[in-house]
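> Listed below, chain by chain, are the residues.
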Amino acid sequence: MHIEVRNLDKHFGQFHAVKDVSFSIEKGHLIGLLGPSGGGKTSILRMLAGLETPDSGDIVFHGQRVNNLPPQEREIGFVFQNYALFKHMTVFENIAFGLKVKKLKKPAIRERVQELVELTGLSGFENRYPHQLSGGQRQRVAFARALAPEPQLLLLDEPFAAIDAKIRQELRTWLRELIERVGITSIFVTHDQDEAIEVADEIMIINGGRVEQKGTPWDIYKQPSTPFVASFIGESTIIEDVNRLKGFENSSQASRALIRPEYIEIGHAGEFRLLSATEKGTVRHLHFRGSQWMVEVEVGASRLITYRSLEKETLEVGQEVHVLVHRAYLFNEEESWIAENALKADNVSMFI
Amino acid sequence: MKRLWITLTWLVFSILILIPLVVLATGAFGEGTSGFIKALARPEALHALKMTGLIVLVVTLLNGLFGIMMGIYLVRATWLSRRLRQLFNSIVDLPYAVSPVIGGLMIVLLLGPDTIVGAFFEQIGFKVVYAFPGMVIATLFVTFPLMVREVMPVLQELGTDQEQAASTLGAYSWRTFWQVTWPSIRWAVIYGTILTVARSLGEFGAVLVVSGNIINKTQTATTLVYQDMENFNVTAANGVALVLAVFSIGLLLLMERAKKRKEVH
Ligand SMILES: Nc1ncnc2c1ncn2[C@@H]1O[C@H](COP(=O)(O)OP(=O)(O)O)[C@@H](O)[C@H]1O
Ligand SMILES: [Mg+2]
Numbered sequence: 001m002h003i004e005v006r007n008l009d010k011h012f013g014q015f016h017a018v019k020d021v022s023f024s025i026e027k028g029h030l031i032g033l034l035g036p037s038g039g040g041k042t043s044i045l046r047m048l049a050g051l052e053t054p055d056s057g058d059i060v061f062h063g064q065r066v067n068n069l070p071p072q073e074r075e076i077g078f079v080f081q082n083y084a085l086f087k088h089m090t091v092f093e094n095i096a097f098g099l100k101v102k103k104l105k106k107p108a109i110r111e112r113v114q115e116l117v118e119l120t121g122l123s124g125f126e127n128r129y130p131h132q133l134s135g136g137q138r139q140r141v142a143f144a145r146a147l148a149p150e151p152q153l154l155l156l157d158e159p160f161a162a163i164d165a166k167i168r169q170e171l172r173t174w175l176r177e178l179i180e181r182v183g184i185t186s187i188f189v190t191h192d193q194d195e196a197i198e199v200a201d202e203i204m205i206i207n208g209g210r211v212e213q214k215g216t217p218w219d220i221y222k223q224p225s226t227p228f229v230a231s232f233i234g235e236s237t238i239i240e241d242v243n244r245l246k247g248f249e250n251s252s253q254a255s256r257a258l259i260r261p262e263y264i265e266i267g268h269a270g271e272f273r274l275l276s277a278t279e280k281g282t283v284r285h286l287h288f289r290g291s292q293w294m295v296e297v298e299v300g301a302s303r304l305i306t307y308r309s310l311e312k313e314t315l316e317v318g319q320e321v322h323v324l325v326h327r328a329y330l331f332n333e334e335e336s337w338i339a340e341n342a343l344k345a346d347n348v349s350m351f352i
Numbered sequence: 001m002k003r004l005w006i007t008l009t010w011l012v013f014s015i016l017i018l019i020p021l022v023v024l025a026t027g028a029f030g031e032g033t034s035g036f037i038k039a040l041a042r043p044e045a046l047h048a049l050k051m052t053g054l055i056v057l058v059v060t061l062l063n064g065l066f067g068i069m070m071g072i073y074l075v076r077a078t079w080l081s082r083r084l085r086q087l088f089n090s091i092v093d094l095p096y097a098v099s100p101v102i103g104g105l106m107i108v109l110l111l112g113p114d115t116i117v118g119a120f121f122e123q124i125g126f127k128v129v130y131a132f133p134g135m136v137i138a139t140l141f142v143t144f145p146l147m148v149r150e151v152m153p154v155l156q157e158l159g160t161d162q163e164q165a166a167s168t169l170g171a172y173s174w175r176t177f178w179q180v181t182w183p184s185i186r187w188a189v190i191y192g193t194i195l196t197v198a199r200s201l202g203e204f205g206a207v208l209v210v211s212g213n214i215i216n217k218t219q220t221a222t223t224l225v226y227q228d229m230e231n232f233n234v235t236a237a238n239g240v241a242l243v244l245a246v247f248s249i250g251l252l253l254l255m256e257r258a259k260k261r262k263e264v265h
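Chains as they are written, first to last, in UniProt numbering: chain U, 1 to 352; chain S, 1 to 265.
Incorrect hints may have been included.
DSS-like mimics (lysine-lysine), calculated; alpha carbons at most 30 Å apart, straight line [what the hints assert, rightly or not]:
1. S/Lys2 with U/Lys87
2. U/Lys87 with S/Lys260
3. U/Lys102 with U/Lys87
4. U/Lys312 with U/Lys344
5. U/Lys19 with U/Lys214
6. U/Lys27 with U/Lys102
Hints in this document: simulated from the structure, not taken from any laboratory.
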């Protein structure tokens, strides 16, 4: 189902929870709503489901405005954050609920439930009650129950929040594959960027009731359109006066810069081709991070964070090193843009 | 130490409940089984027991219906202002604080034949006070908190998540209530019902004031016991009282069993 949302607005009392939100989703896509807690993600999802009424704005499914349709008529599946399973019903009855509402015949219900039980790997648990299941199993039941009536849109509110890290990873992959197989348009909410990046076709960053940016995970990483997005996605350090950094002397209008660890290269003089573009720095801290070193290096008044491969020569605290900043995300009150290291570009053209 | 407490508990328990019950039973059978049967077979006794039975039936049904509805409103009606809900919440507890006699008096003052409302009803041939409807209202007043207070905490804990899930699965409120809400509040409603039955069975003060205690018309089992005592008809009084006591104890035992079953479930 193609989804279109225009100028959605919602207050809770005096509190402005959702501010002029617009977006559209192509049929069959999986969209991740990503943002800090309290940003309005759940509110947006609930308005799509019809569980909350927007103050203004349009919700259009498949070309038809559905604002006035009750949740019962919207053909959506909703997986609640706490699953909201019917606790006095068995797994079978939970999954069958939506089918009974649709007045399907008993054999048809049995067949469809069986199909979903197998799809979600719940075989053998049909007669258990929710309190007899693990978190991951409950999550699957919630999922199967939502999918059973063949909804046109699947909404998932932090589906993995209550599941421990190891199984979460497994479930993510499973969800991704399952949604692809079923081919249903889906929106899922998360505050975990790894989850969004891994699972979603497209991400919408939601903060303070607004959509900060919408795009593929790669686009958002590469071209963050607001400082908030830049700092929210990936790791970063904020530098107060970027003009002092080598290669960024002419960034006059910029007040501040955001630099990601992967924008920075660090090492001995011999490790750089363009030594002139590098800066001198001192290693302040070394943290072993399993597969690499995380290095805190002091350059002038600022402290930068970067990673260094275990294959390279190990650095030591207090050691003098060369630091190359490939690019920085610059911003001031009005605008933001990405700047490449000027010296590096010049030198490259000189070589050619 | 623990033993002492247990013994003490039993002692208090027997002084308060068992001994009166034994006295009641010996009193009722003081003139043999025939005396007991004679006391109960009096027309006024049969009428009073029938009256009590009817009141219990009607009050329990009404209290079930309105109690559940009120509970749902008090927990869920977020569109009402918080002040208003707090006010309703306190009003529900009013019968706990107000003596039943005063409650009955309020009903007489509000709906008695001398008031505008009462006169209006009387004119259309519907007597409220000193008649069955008034007695039902009085008993309802006294028992109203019982159902609401049983149901409310369960509804509070239940929340609305499951119901919202049902609505996204296409179910409208009737089906959602019976298939999702009801199974969760069922036990609370059963307790509430048992408490309501027990309370309306034994209600005296409010009913006495509202009914006028007219023999063979508005007399209930409890007010008959009162009248028999006034007339020094001790055997008869004990007989009717014993019937009420047996019912009440039966209800309490039922409640205990219900609790056990719920735990097993
Ligand atoms: N029913 C409600 N009543 C009052 N405030 C609410 C209600 N639902 C959400 N809010 C407020 O709206 C804001 C956004 O909430 P929510 O949509 O749940 O954010 P998220 O899901 O991104 O964490 C929060 O500050 C929350 O306190
Ligand atoms: Mg949320």
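> Could you work out which of the previously given hints the structure breaks and list their numbers from low to high?
Structure breaks hint 1 only.
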